[in-house]
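**Student:** Here is what each chain is made of, one letter per residue.
Number of protein chains: 2
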Amino acid sequence: MKKNNSYTELSNIIKNSKKILLFPHINIDGDAMGSSVALCRVLRNMGKEAYILVEDEISDNLTFLNDDKYITENQDIISNPDLTICVDCGEISRFPKRTEKFFSGKVTMCVDHHGTSDGTADYNIVEPEAAATGEILYRLFKEMDVDFDKEISNCLFTAITMDTGNFQYSNTTFISHQIVADLYKYGLDSNVVSINIYENNSWEKIQTEALVLAGTEFVLDGKIAIAKVTAKILKKTGCKMNETESIVSTLRSIGGVEIAALVKEDSKNNTRVSLRGKNYADVSIAAVALGGGGHVKAAGCTIEKNIDEATEIIKNELIKEIVRYNEN
Amino acid sequence: MKKNNSYTELSNIIKNSKKILLFPHINIDGDAMGSSVALCRVLRNMGKEAYILVEDEISDNLTFLNDDKYITENQDIISNPDLTICVDCGEISRFPKRTEKFFSGKVTMCVDHHGTSDGTADYNIVEPEAAATGEILYRLFKEMDVDFDKEISNCLFTAITMDTGNFQYSNTTFISHQIVADLYKYGLDSNVVSINIYENNSWEKIQTEALVLAGTEFVLDGKIAIAKVTAKILKKTGCKMNETESIVSTLRSIGGVEIAALVKEDSKNNTRVSLRGKNYADVSIAAVALGGGGHVKAAGCTIEKNIDEATEIIKNELIKEIVRYNEN
Numbered sequence: 029m030k031k032n033n034s035y036t037e038l039s040n041i042i043k044n045s046k047k048i049l050l051f052p053h054i055n056i057d058g059d060a061m062g063s064s065v066a067l068c069r070v071l072r073n074m075g076k077e078a079y080i081l082v083e084d085e086i087s088d089n090l091t092f093l094n095d096d097k098y099i100t101e102n103q104d105i106i107s108n109p110d111l112t113i114c115v116d117c118g119e120i121s122r123f124p125k126r127t128e129k130f131f132s133g134k135v136t137m138c139v140d141h142h143g144t145s146d147g148t149a150d151y152n153i154v155e156p157e158a159a160a161t162g163e164i165l166y167r168l169f170k171e172m173d174v175d176f177d178k179e180i181s182n183c184l185f186t187a188i189t190m191d192t193g194n195f196q197y198s199n200t201t202f203i204s205h206q207i208v209a210d211l212y213k214y215g216l217d218s219n220v221v222s223i224n225i226y227e228n229n230s231w232e233k234i235q236t237e238a239l240v241l242a243g244t245e246f247v248l249d250g251k252i253a254i255a256k257v258t259a260k261i262l263k264k265t266g267c268k269m270n271e272t273e274s275i276v277s278t279l280r281s282i283g284g285v286e287i288a289a290l291v292k293e294d295s296k297n298n299t300r301v302s303l304r305g306k307n308y309a310d311v312s313i314a315a316v317a318l319g320g321g322g323h324v325k326a327a328g329c330t331i332e333k334n335i336d337e338a339t340e341i342i343k344n345e346l347i348k349e350i351v352r353y354n355e356n
Numbered sequence: 029m030k031k032n033n034s035y036t037e038l039s040n041i042i043k044n045s046k047k048i049l050l051f052p053h054i055n056i057d058g059d060a061m062g063s064s065v066a067l068c069r070v071l072r073n074m075g076k077e078a079y080i081l082v083e084d085e086i087s088d089n090l091t092f093l094n095d096d097k098y099i100t101e102n103q104d105i106i107s108n109p110d111l112t113i114c115v116d117c118g119e120i121s122r123f124p125k126r127t128e129k130f131f132s133g134k135v136t137m138c139v140d141h142h143g144t145s146d147g148t149a150d151y152n153i154v155e156p157e158a159a160a161t162g163e164i165l166y167r168l169f170k171e172m173d174v175d176f177d178k179e180i181s182n183c184l185f186t187a188i189t190m191d192t193g194n195f196q197y198s199n200t201t202f203i204s205h206q207i208v209a210d211l212y213k214y215g216l217d218s219n220v221v222s223i224n225i226y227e228n229n230s231w232e233k234i235q236t237e238a239l240v241l242a243g244t245e246f247v248l249d250g251k252i253a254i255a256k257v258t259a260k261i262l263k264k265t266g267c268k269m270n271e272t273e274s275i276v277s278t279l280r281s282i283g284g285v286e287i288a289a290l291v292k293e294d295s296k297n298n299t300r301v302s303l304r305g306k307n308y309a310d311v312s313i314a315a316v317a318l319g320g321g322g323h324v325k326a327a328g329c330t331i332e333k334n335i336d337e338a339t340e341i342i343k344n345e346l347i348k349e350i351v352r353y354n355e356n
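From first to last, the protein sequence lines stand for chains F and W.
Mapping of the first sequence onto the working numbering: residues 29 to 356, in sequence order.
Mapping of the second sequence onto the working numbering: residues 29 to 356, in sequence order.
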């Protein structure tokens with residue numbers, strides 16, 4: 029990983045740029061979304077021309093932050109950006125169809141908290157100890173003397189609450205709570221945000237979760253729990269794949285489970301895998317071994333195999349991780 | 029409600045008492061449990077003889093706080109208490125089998141945040157604006173100049189995180205976050221607490237949730253969702269009734285649902301009801317009308333009818349609440 033630049037350096041680069049494009053990672057989550065929208069809003073408030081460029085669909089529970097204003101799939105929206113910033117990611121595999129556009133920036137920048145981030149940009153702040161990229165942006169905004177408002181606060185809260193699992197994961201620190209306490213000053217409405225992100229589940233999703241969990245396979249005396257979201261189940265319930273992400277948390281919540289794996293049938297020969305660890309397992313090892321990435325307790329990968337073959341492959345990697353721990 | 033006493037008054041009474049009994053409410057939840065254990069530990073650290081007196085079973089996910097030390101069902105453990113304190117409750121209906129023992133205290137005290145608390149004790153601090161009784165105790169401990177430690181911090185975090193729905197409910201304030209940020213100083217391990225309280229679900233519970241949700245009844249275009257935990261389902265899965273409480277949150281998380289009701293078959297002619305509101309409904313009105321109590325967005329009651337009759341009764345009360353709102 030490259031040495032980080034200072035907050036002042038990033039602040040100065042941003043101040044001197046006019047046309048700015050933001051690049052959150054694919055399969056955009058609460059941190060990538062909340063951080064990108066907060067930053068885009070701050071940039072526009074500064075008079076910049078700024079957009080968030082994406083390449084895949086935004087899940088329904090996050091669209092309330094966009095307000096139809098910031099996000100676009102149109103790569104030509106800004107032709108020669110002064111500055112491109114990858115947000116909550118730092119590897120080109122996390123924005124594969126936008127790589128060329130990212131490097132078309134006169135200056136490139138990366139703001140991220142993933143340990144797997146490779147510091148590929150001209151200017152980088154990568155802080156793996158931050159619970160969320162939203163925390164890094166909070167500090168950057170303070171350095172930039174930004175006028176915080178309700179929308180920016182709601183976005184940063186979304187980023188922090190979702191990436192800390194509502195202040196439960198081990199990445200949560202006193203800083204996460206101090207930042208959120210401060211955001212209330214600017215009008216944060218944590219209840220409205222929470223209802224939007226967590227209490228808009230479709231009945232289809234609830235039924236899908238029940239069917240997926242019913243087929244859970246327990247491995248190594250229940251230390252590993254693996255469940256499959258098949259195309260067949262989605263067809264039966266009418267649920268969209270991007271609504272199924274939270275099932276992996278339910279899987280992990282089962283007593284005795286150390287690693288939870290949710291295996292998702294993307295297409296006939298493409299399977300996506302979400303991994304979660306509980307106490308000691310480092311699930312990023314299995315994810316990286318299969319070409320993916322992530323954190324110690326939350327990682328993922330894509331396997332170009334059918335769902336049954338992919339399940340066997342990931343199962344073997346996870347068994348290795350449990351065995352590795354028990355040998356050490 | 030009686031006028032509150034000051035924190036200094038409560039602190040002085042406690043300092044001058046030697047034998048102290050604590051009374052958390054029945055169906056003990058994270059706030060009642062975390063608050064009682066924190067207070068009991070503080071009292072013992074001060075050299076007091078102190079116990080927590082209960083009258084029903086503690087759910088498995090909370091027993092880790094007790095450490096086999098503080099809780100007893102033996103009403104004779106202290107014969108003539110100098111001080112009795114009801115914690116996280118202020119109505120005798122919330123400790124029905126312990127009422128006489130409570131009033132046997134030479135001095136009685138109440139520390140609570142329920143608006144329905146009736147200030148029946150000699151000394152009262154009832155703060156409905158506090159998100160959890162744990163927040164009130166935090167302030168009391170600061171007033172008493174208590175030496176906080178990891179255990180006390182973990183207890184108060186349990187109280188706050190569970191009563192705020194992990195900082196999502198509208199009762200959450202910047203104070204909740206400031207307190208938690210401070211608790212990290214004393215060794216709070218929020219991840220260990222969270223794994224204990226949320227990630228020890230039995231497979232029986234997961235299966236029960238699926239079966240209970242499958243039978244959900246939607247009323248008034250899905251504004252009300254009612255699901256039943258029947259004795260039959262519990263027999264089939266082997267799950268205990270006190271493990272089913274969280275299902276009501278899943279019910280409320282369905283998009284469009286304004287009120288969620290979980291109806292639990294306690295015995296042939298006794299049904300317990302848990303209610304949750306989302307945006308505008310005040311579920312405490314229906315709960316109070318049926319002899320129960322609670323908060324605007326989380327309340328409950330017991331109906332001495334079989335589960336089907338009780339379901340019709342609560343359904344009618346909830347319809348009234350939705351209609352009442354739409355008429356105003």
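Errors might be hidden in some of the hints.
Note that the list lumps identical chains together, so a pair holds whenever it fits in one copy or between two copies.
Simulated pairs of lysine to any residue, SDA-like, Cα-Cα distance not exceeding 20 angstroms [unchecked claim]: (1) Lys268 to Gly283; (2) Lys268 to Asp84; (3) Lys213 to Phe202; (4) Lys170 to Gln206; (5) Lys43 to Val174; (6) Lys213 to Ala317; (7) Lys31 to Glu332; (8) Lys264 to Thr244; (9) Lys260 to Ala242; (10) Lys178 to Thr201; (11) Lys129 to Gly215; (12) Lys170 to Ile350; (13) Lys125 to Tyr212; (14) Lys170 to Asn44; (15) Lys213 to Glu157; (16) Lys251 to Asn228.
I should point out that these hints are in silico values taken from the structure, not numbers from a laboratory.
**Student:** Each hint should be assessed against the structure and marked as holding or not.
**Tutor:** Here's how the hints hold up against the structure:
{"no.": "1", "hint": "Lys268 to Gly283", "in the structure": "between (28 angstroms within a copy, 15 angstroms between copies)"}
{"no.": "2", "hint": "Lys268 to Asp84", "in the structure": "within (14 angstroms within a copy, 43 angstroms between copies)"}
{"no.": "3", "hint": "Lys213 to Phe202", "in the structure": "both (18 angstroms within a copy, 8 angstroms between copies)"}
{"no.": "4", "hint": "Lys170 to Gln206", "in the structure": "both (14 angstroms within a copy, 19 angstroms between copies)"}
{"no.": "5", "hint": "Lys43 to Val174", "in the structure": "within (12 angstroms within a copy, 48 angstroms between copies)"}
{"no.": "6", "hint": "Lys213 to Ala317", "in the structure": "neither (44 angstroms within a copy, 37 angstroms between copies)"}
{"no.": "7", "hint": "Lys31 to Glu332", "in the structure": "neither (34 angstroms within a copy, 68 angstroms between copies)"}
{"no.": "8", "hint": "Lys264 to Thr244", "in the structure": "both (18 angstroms within a copy, 18 angstroms between copies)"}
{"no.": "9", "hint": "Lys260 to Ala242", "in the structure": "both (14 angstroms within a copy, 19 angstroms between copies)"}
{"no.": "10", "hint": "Lys178 to Thr201", "in the structure": "between (23 angstroms within a copy, 15 angstroms between copies)"}
{"no.": "11", "hint": "Lys129 to Gly215", "in the structure": "neither (35 angstroms within a copy, 46 angstroms between copies)"}
{"no.": "12", "hint": "Lys170 to Ile350", "in the structure": "neither (42 angstroms within a copy, 44 angstroms between copies)"}
{"no.": "13", "hint": "Lys125 to Tyr212", "in the structure": "neither (37 angstroms within a copy, 42 angstroms between copies)"}
{"no.": "14", "hint": "Lys170 to Asn44", "in the structure": "within (18 angstroms within a copy, 48 angstroms between copies)"}
{"no.": "15", "hint": "Lys213 to Glu157", "in the structure": "between (25 angstroms within a copy, 18 angstroms between copies)"}
{"no.": "16", "hint": "Lys251 to Asn228", "in the structure": "between (31 angstroms within a copy, 12 angstroms between copies)"}
The structure is inconsistent with the numbered hints 6, 7, 11, 12, 13, although it conforms to all the rest.
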